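Undergrad: Letter by letter, the chains look like this.
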Amino acid sequence: MTTTSLETVSKDIISTLAVLIKTAQIHSVSNVAVVNIIKKLIAILTPFASPESVSLQLVGEFFHVNKRRVKYSMENVFNYDYLVKEFKKRGLGSIIFVEPPRERDLTALVDAVITSGLAEEPFTLIRNKLERVDTIHVEELQKVKEDVSELDKKRLVKKSYYSTAALTKNLFNKIKSGEMISLKRTKRSLRTIVDQIIEEESLMIGMTTIKDYDEYTHYHSVNVSVLSVALGNKLGLSKKALTSLGMAALLHDIGKVDIPIKILNKPSEFTDDEWEEVRHHPEYGALIILKFKGVNDSTIHNLIPAFEHHINYDLSGYPRVRSRKTPDFFSRIITIADQYDAMTSARVYSRKSLSPEKALSVMYERSRTQIDPYLLKVFVNLVGVYPIGSLVVLNTREMGLVFENNNNPEFIVRPRVLLISDRSGAKIEGTAVDLMEKDETGNYKRSISAVLDPHEYGISLAEYLL
Amino acid sequence: MEKQPGQEDLSEGAQVTIEVLEAIIKARKLFKLYPPNNPIYIKAAETVFEKFSGFFHLDESLKLKIARNQIFYANEVVYHNLEKDDNLALFLFKDGIRELTFNRDVSHEELDEFLRVMSIDFDKDAPDDDIVTVLWEKDFEHIKFYADDFILTDDELSDELKDAEKIRGNAFTDDNLKKAYHSSLDEIPDIEYILTPLTQEELQHISEDLESQDRLKVEKFITILFELLSLTQKSESIRNIVRSMKEILGYCVKRGDFRNASYTLSRLNQALQEGVTGKNNAAVFEPVFVTANSGPLISMIGEVMESSMTINEADYLDFIKHLNKNAIKPFMRLLDELASVKKRSLVVETLTIIGKEDVTTVATGLKAGRWNVVRDTLLILGNIGTADALENIVDMLSHSDERVRREAVRTVGRIEHRDTYLYLSKSLDDTSSSIRMVAARQLANIRTDEVKKIFLSAISERGFASREFNEKKVFYGIITNWPDQEVKDFLTRTLRSTKIWRRTRHDETRACAAHALGVLMDRDSIPLLSKTSKAKNRTLRESSIMAIKKITA
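Protein sequence lines, in the order shown, are assigned to chains A and B.
For the first sequence, position 393 matches number 393 in this note's numbering, and the numbering has no gaps at all.
For the second sequence, position 414 matches number 414 in this note's numbering, and the numbering has no gaps at all.
Bound-form chain A, shown alone (with noise of 0.2 Å):
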């Protein structure tokens, strides 16, 4: 087989293979639906599979088939995600298909999957059912490096986080006062959030939702650096991509140090010449990042966003430009992480902020106007429906923070939820439930009934986060 061929048959298994598993979270694993996705599959295995094996092996992030690693593309990102995810839930290392499969091995390996979903010890489960299989083996998932207890992960995400915060004052400090500038450390600092984005992309989202801090821009700066490169990891763009548009986010209201900080700090409305120097904010970024940097590959990153931030997908938007061409497609990211970072906190000039799901109703109003459409798709689905921070109202009275997102967009209503308190509303310790789990009868525990904005009662991640 030719190496072009392989990369597509590995592309099609794990993508049939993602399907497969969904539809079955849905479908009871005889439904024809079902049926035919394993048909599907079958079909795929069975000339690959002779004479040799076929292994699909996580290793990390990413799949190997037969060794290989997949490369994925934008078309296949969402299933190759979910199926890591769904891999190391389970503590899934490997499947091999030593010979090609039968319709029953794979309905038997289909529901060994999905029933160790909630099981306490979910790859022993998945083995045990498997034994009789003589075409289906598994193997546990090989730890690429230490286990990170969750504390550590915490811990690390939260030093990432403010590292990155650090260097951004610094450098914007720098800028103000006119010293010469180096990037050096602040992409240091960036590449650990963007591998931090890749493994524990709840968390390092989750340092988002914490506001209120004095220093609002800087913060700012860190937080739609951090999702936008959350939303880039999700297009399947490459490190260095994620690198250079993460420096770009962070940099994106530089031209905010030219502002007159009377007026970036005025507690109340602006008057119409106040938003018109505001509105000059891109202009000055474009130039301070002209007048401190030589032209290269990163000026050229940096610069177009910090201009188009506020451009429009219409172009509608500030500074008025001649040229009718669509905004940088990183400009048309970053504007979505800056429009919700701000509309979910409060500012100097606004304090009243938006709920995250109350902000992304707004953000749709705004689609194919101020907003990509098809990046806000991609950017609610990266957030939830209830977006990292909701604070919710369960079906059982108990309240809770919304912690990490279902990967499965038919169970994005079921999240994963932090308590903070009980049915009586008393405080508990923060205790994490799965809104998939079931119970004997076969229904769901527990689900969300209602949203309330955090803000407006001072309630967030920060004493689960810090």
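What the hints contain is simulated information worked out from the structure, not anything from laboratory work.
Be a bit skeptical, because a hint or two may be false.
[Unchecked claim] Pairs of lysine-lysine residues, derived as DSS-like cross-links and limited to a Cα-Cα distance of at most 30 Å, are as follows:
(1) B/356 x B/367
(2) A/184 x B/138
(3) A/154 x B/367
(4) A/11 x B/138
(5) B/63 x A/67
Since we're looking at a predicted model, the values are computed, not measured.
Place chain B on chain A using the hints.
TA: For chain B alone, coordinates are given in the frame of chain A:
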């Protein structure tokens, strides 16, 4: 690299590792000196791969631990250097790398990329990057590293950590929670919006958008530079924008991106016409045009031509059209430097376009030491076609190199001037047969009586008969351009004439005359041709027969 003490005491693995490191160090140096298509560069990369292959016979992965001045393999010192410069360990250590592991499946391409990273001069060429960031971005499949990641101490983070503590301290109180709980008992309106999964078409759209984004970024950057120009009034800002325009030219050319280099200059011309920066427009933009026509930029073009980069010729020529006569000298220098014939022909095309403004400067190439530069200069002057440098060109008709003289003849032939025929006629006596024929063919394009006389005279000269048959045939073929009686009589006389000495050569001349009579379709010569069609000399016989056939056909 310093010699390791007691190297012979080291394990086999360590000794092989030392060889690997020596190869890497050597390759690092050579990669800085030579371009990727240079054989020395290629050999250096190959050697590294071979050394690695040698190691992988012993073990499936090579794991190195990095200290400030040393590198270890399995606790054995395999590298030791206390110098600050050219210290491989320090180069890795200072940016935080503590471990480097190469897996047996590492490919040639990965190792090449790795070596390229190792040869980056970060201070000069990548001041915003360090080796950790670059290695990480490369995302190698079979080369892994561990880096000491956190670059800020808790002291440096103190302000931010205080912010975090303050927020944590303000985190929700029991009262707040109670308020929220009681609110939850009230009816809360739903937020309505539609969430739909992405369709295949939408995914396709995003995919295409993604693919095109890199291609369009530079153009977008250039567009923004011009937008900024119309938005700002400050002279310092304008200066910075103009400086950036100069730099983007270099950026584009270095990458062989002539489309965007051309775009920059087009927009600049447009901005000049629109008077974007006010009265002093031309003065403001002058530095950009100076850069576009400068030696350093054109040298860069030369480097691009010599490299393995593919040049889009249409884009390149579009760019060239924006240049002026100041670029002529640097391109003439390039003509002297380039080795490849194909690339030099591109420079010839370039100088044909811009050379029109200053033919005299182009003509200085006629004094070059290398014959091919002189030849190419002649080609350029011929392409330009003006008579301004005719005198200099004519001098080349007597150049010592035959290849130059040939081109000079062609060039003179392409230039319209009343004395062109006189100059070309001199070359009818050139020592080289091929040049004489080229001159004859060029002269043939000038259908005047004077030229006819020149040919008849040349053919009649004593030494003409002893020339090669093919050459004589060309000359006789040319005089058929004048199908008059004088020429026919001349041909008939020639056909009729006989000689005792050098008969073969003379019969060949007669054969040429027979051929020419056939071309002229001269029926009157049929009786004579019939006679010569029975000649002993085969060439004469066959030419006569062919001539008769032609006339009677």
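Undergrad: Does each hint hold? Answer for all of them.
TA: We went through each hint and held it up to the structure:
no., hint, verdict
1, B/356 x B/367, "holds, 19 Å"
2, A/184 x B/138, "holds, 17 Å"
3, A/154 x B/367, "violated, 75 Å"
4, A/11 x B/138, "holds, 22 Å"
5, B/63 x A/67, "holds, 21 Å"
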